[in-house]
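Listed in order, the protein sequences are those of chains A and B.
The first sequence runs 1 to 431 under the numbering used here.
The second sequence runs 1001 to 1105 under the numbering used here.
Hint data in this document are derived by calculation from the structure and do not stem from the laboratory.
A couple of the hints might just be wrong.
In silico lysine-lysine, DSS-like type, Cα no more than 27 Å apart, as pairs [stated by the list, open to error]:
hint : chain 1 : residue 1 : chain 2 : residue 2
1    : A       : K412      : B       : K1031
2    : A       : K164      : B       : K1009
3    : A       : K412      : A       : K391
4    : A       : K177      : A       : K225
5    : B       : K1055     : B       : K1031
6    : A       : K164      : B       : K1045
7    : A       : K164      : B       : K1051
8    : B       : K1076     : A       : K391
9    : A       : K225      : B       : K1060
10   : A       : K412      : B       : K1055
11   : A       : K164      : A       : K66
12   : A       : K412      : B       : K1060
13   : A       : K74       : A       : K56
14   : A       : K306      : B       : K1045
15   : A       : K147      : B       : K1060
16   : B       : K1035     : A       : K412
17   : A       : K147      : B       : K1055
18   : A       : K311      : B       : K1076
19   : A       : K164      : B       : K1035
20   : A       : K11       : A       : K147
21   : B       : K1076     : A       : K177
22   : A       : K376      : B       : K1035
23   : B       : K1076     : A       : K313
24   : A       : K313      : A       : K391
25   : A       : K217      : A       : K283
26   : A       : K11       : A       : K311
27   : A       : K177      : A       : K20
28   : A       : K247      : A       : K11
29   : B       : K1060     : B       : K1045
30   : A       : K376      : A       : K48
31   : A       : K91       : A       : K66
32   : B       : K1009     : A       : K376
33   : A       : K283      : A       : K225
34   : A       : K301      : A       : K282
35   : A       : K66       : A       : K56
Residues from chain A that keep clear of chain B, each with C-beta distances beyond 12 Å, as calculated [to be verified]:
hint : residue
36   : E17
37   : D143
38   : E158
By construction, the Cβ of each residue, glycine as well, lies at the ideal position given by its N, Cα and C atoms.
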Amino acid sequence: MAELTEKNINKGLTILENFKDSKLLTNLNSCVHCGLCAESCVYYLTFKEPYFVPAKKVDLISSIYKRYFTFIGKYVPFLANTKEINDETAKEMVDLFFGACTMCGRCNLHCSIGIDIAYLVRTGRMMLAQMNLIPASIQSTVDSSIKTGNNMGITTEEFVDTIKWLEDELQDEMNDKHARIPLNDSNVNILYTLNPREPKFFPLSISAMAKIFYAAKESWTISTKMYDVTNYGFFTGNVDEATVISKRLYEEVINLDAKELILAECGHGSRAFRWEAPNYLKKEFDFDSNTSVELIAEYIKTGRIKVDKTKLKLRVTLHDPCNLVRNGGILKEQRYILDQVVSEFVEMTPHGIDNYCCGGGGGQLAMSEYNERRMKIGERKAEQIRNTNAKIVVTPCHNCVDQLMQLNSFYKLNVQIKTLAEIVADAIIID
Amino acid sequence: MALLEIEGKAFEVDGDGFLSTPEIWNDEVAKLFAKYDGIEEMSDKHWVIVKYIRKNFEEKGNAPMIRSICQETGVKLREIYELFPLGPARGACRVAGLPKPDGCV
């Protein structure tokens, strides 16, 4: 951990000081300690220790606020629940805000007075970013994005070679030499994005989406300059870096004159761009940003792609990514799609906005120091999956896919994990 | 930093079980790491993938693209996921003694 200096503490406090809006102040001052949030949190449900109750995180940031920004805290701090920032506090902030929260927002839903607890955790992370205390493991993912244009450091040459390879495969599969995965075309309907783990290690989802675009006869392209849908700056709390990453994607839509931006199956990436980027960049976007989930649902509804739900006989269940569902409002589209492309679909319990996080959210997947906790909190999800008796788990988020793959191996679930595009591509009928 | 013990041998690893000291890697380490992931016997196909990933790491300092792995080893894409159920990163790269790649893996 970096050294805690007076200067860094003051920088961290500017995050609490700079917010003039009532949202932060209301959230910082409203917790009534009812404890209802405890049973909503996968960390508390797993470890059953008071330390992991979401209200504990609220209390931590609230007591810091009270110490530095209220009369009683400034002059007689021992009379109130206040906390000074010192090495011990800083350590607790890192452990609770980074290491014990996936920012899934399930506690928000169960809070008796509606505190946005995940927002306070994010505010805590923003303080830590100012204090130079972001864990190195997650920061390296942001550094890679800033330096190379994508979070896995893929070179343009490697990327282009991969896309050409996938394009050859698509032409073989479609038996059509004109089937394309277009790169850098301008004036198209859709600029499509990717999670870098797709070209690097898991390209079946790129092939699947290309097949869907081919079947829909869509005018689309991928930019070699900026295709990365992720924005780990959203997780680290370094707003300046999150802004740089968002700005690149924004500028590429303008540069290629695309009518619409389609965000790949990535929970936090779609949330960060769709809901946060206009705030980061302080401007209203004059193009539409939608997710591929909404796009595919639209293709099926309007008959632009034809699908056969009888092709797949295996039982399928669905994992709802927190950032897409509870924090993104996309709930019905993925269910409509599955209803059209699989013959047997079964829900997990609970599901939808009340779904449990897979355990890999909030940047947990990138921070190996918290791996043990991550696998433990994932047991709940593993049991949810097991109870469905499904053979395939679909989830429209590459981050969730990776966590579920590990849960699959660790808890011996013996299921296949797929993205939504992959399951749709297998059901497509080409005329 | 953590200690991972497989069949009486201890290895320094990160929280995700990736080798902290990639330079100590050898065939024996690969076999033990594979075993830990449930791969009882490394087949020829396992070896050709792991050796290629290792060679790329030693020459370029990072994990190769899946395209290179497929084209250089001749193993089909879907087969790689069957050979390494944890995937090319947490599966094959870990067995090849690489550090954990950045990103959603």
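### Query
Failing hints, ascending?
When the structure is compared with the hints, numbers 2, 10, 11, 12, 14, 19, 25, 26, 27, 34, 37, 38 turn out to be violated.
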